[in-house]
Amino acid sequence: MISKENQLLINKSLSGNRLAQGDIYRKYVKAMYHIAVRMVVQPSVAKDLTQDVFVKVFEELDRFRGESTLGAWIKRITINVCLNHLRRKGILQIDEWDDSVLQVADESNDMIEEIDMKVVHDAIKSLPVGSRTVLTLYLLEGYRHNEIAEILEISVSTSKTQYRRGKQLLKEKLKSIYHND
Amino acid sequence: MIDLEKYIRSHRSELDDIEDLNIDEMWGDFNEQNRPKSKRKYGFYLAAAIGIILIGVVSVLSQRPVLNQDEIIHEKLTQADPRLAEEQMGLVKMISDQGALIGQMGIEEAAFPELFQELKVLDSLQLEAMSDLENYQDRKNLWKTLLRNYKSKARVLELMIYEFDKKENELNYESSKQI
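Protein sequences, first through last, are from chains A and B.
Just so you know, we're using our numbering here: the first sequence kicks off at 1 and counts up by one.
Just so you know, we're using our numbering here: the second sequence kicks off at 1 and counts up by one.
Hints are all accurate, no fakes.
Distance condition first, Cα-Cα at most 30 angstroms in a straight line; then the derived BS3-like pairs of lysine-lysine: (1) A:K56 - B:K76; (2) A:K4 - B:K140; (3) A:K75 - B:K6; (4) A:K4 - B:K144; (5) B:K120 - A:K12; (6) B:K76 - B:K140; (7) A:K125 - A:K175; (8) B:K140 - A:K56; (9) B:K6 - A:K30; (10) A:K125 - B:K6; (11) B:K140 - A:K12; (12) A:K89 - A:K75; (13) A:K173 - B:K6; (14) A:K12 - B:K144.
Pair ranges (Cβ atoms, derived): (15) B:E5 - A:K118: 15 to 23 angstroms; (16) A:E59 - B:I2: 39 to 47 angstroms; (17) B:N31 - A:V129: 31 to 39 angstroms; (18) A:K118 - B:E114: 56 to 64 angstroms; (19) B:N169 - A:S3: 50 to 58 angstroms; (20) A:S3 - B:D97: 46 to 54 angstroms; (21) A:V129 - B:R83: 49 to 57 angstroms; (22) A:N80 - B:S13: 20 to 28 angstroms; (23) B:R155 - A:V55: 36 to 44 angstroms.
Quick caveat, the hints were computed from the structure, so don't treat them as lab data.
Note that the Cβ used here is the ideal one computed from N, Cα and C, for glycine as well.
Start from the sequences and build out the full structure, keeping to the hints where you can.
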């Protein structure tokens with residue numbers, strides 16, 4: 001799972017080579033920051049958490065066994081750091097959501113042909129924390145609902161309804177943005 | 001009409017490059033935040049670099065006593081593996097004796113610039129390994145690296161003595177032939 005380039009960077013980083021650590025940092029920091037900012041919304045908090053992520057990455061690099069790619073391993077750390085932050089702040093409270101309240105309009109796909117991904121990014125940030133977190137983990141980071149349920153300590157059905165809710169809200173936001181243009 | 005899920009998934013990578021981020025500045029901040037560790041490390045390197053010049057060249061010639069860095073390594077090895085610590089002390093003594101002998105023989109850097117250069121490289125490798133020891137005291141391969149560096153240094157010094165002896169013998173032979 002580890003590329004030769006990353007293996008070399010890891011080995012050098014483990015022996016305290018600051019340049020190699022800098023290379024790993026530069027390679028992944030942007031993606032990790034974007035995950036963080038979608039999860040915690042405030043850029044300054046996301047930056048701080050991203051720094052925490054890399055402190056952890058270099059502290060725990062010798063535990064990286066190569067069972068996933070280095071990027072996927074760092075991404076998991078990023079998500080954990082962000083979730084812990086949201087929990088510590090008491091922000092991450094996900095209510096059991098009654099699926100029946102979701103409007104049928106959700107299933108319609110009357111979206112415009114092309115969407116600017118910056119608009120999607122900003123729209124995700126504006127979602128309520130519960131559906132934003134589930135939507136981020138499921139749609140963007142590739143987690144399954146049972147994994148999300150375990151991570152967030154919610155039921156699988158709550159994960160699914162939070163996701164549907166998030167998707168519906170996201171569509172509504174995008175429609176309102178594009179239809180107003 | 002588009003399927004939002006599919007659309008977002010197919011454009012997922014674009015979401016990692018939306019907001020402006022000054023990566024160099026962030027890396028600078030990261031280093032700054034971790035200053036105690038880094039500073040100590042680089043401060044140590046600086047002090048050690050000066051030490052290398054004095055140690056690698058001067059001490060060999062002027063029979064300086066056992067180096068402080070050896071004592072630090074010994075202390076750490078004693079905590080980690082007394083057997084390796086004992087081996088290290090043996091190597092340190094050997095190197096010290098070789099240094100003393102080189103001093104007595106009057107060997108100068110100009111005579112063996114490549115070997116002296118190799119000694120400097122070995123000293124810098126030792127410092128690098130020592131720095132790693134600060135962070136990863138439980139890493140056995142680092143202890144082995146430290147001991148390997150000692151052994152390499154002893155071999156270089158041995159070679160220096162051997163080559164010097166050989167040259168001396170050749171000179172003596174040439175002068176005896178002339179007589």
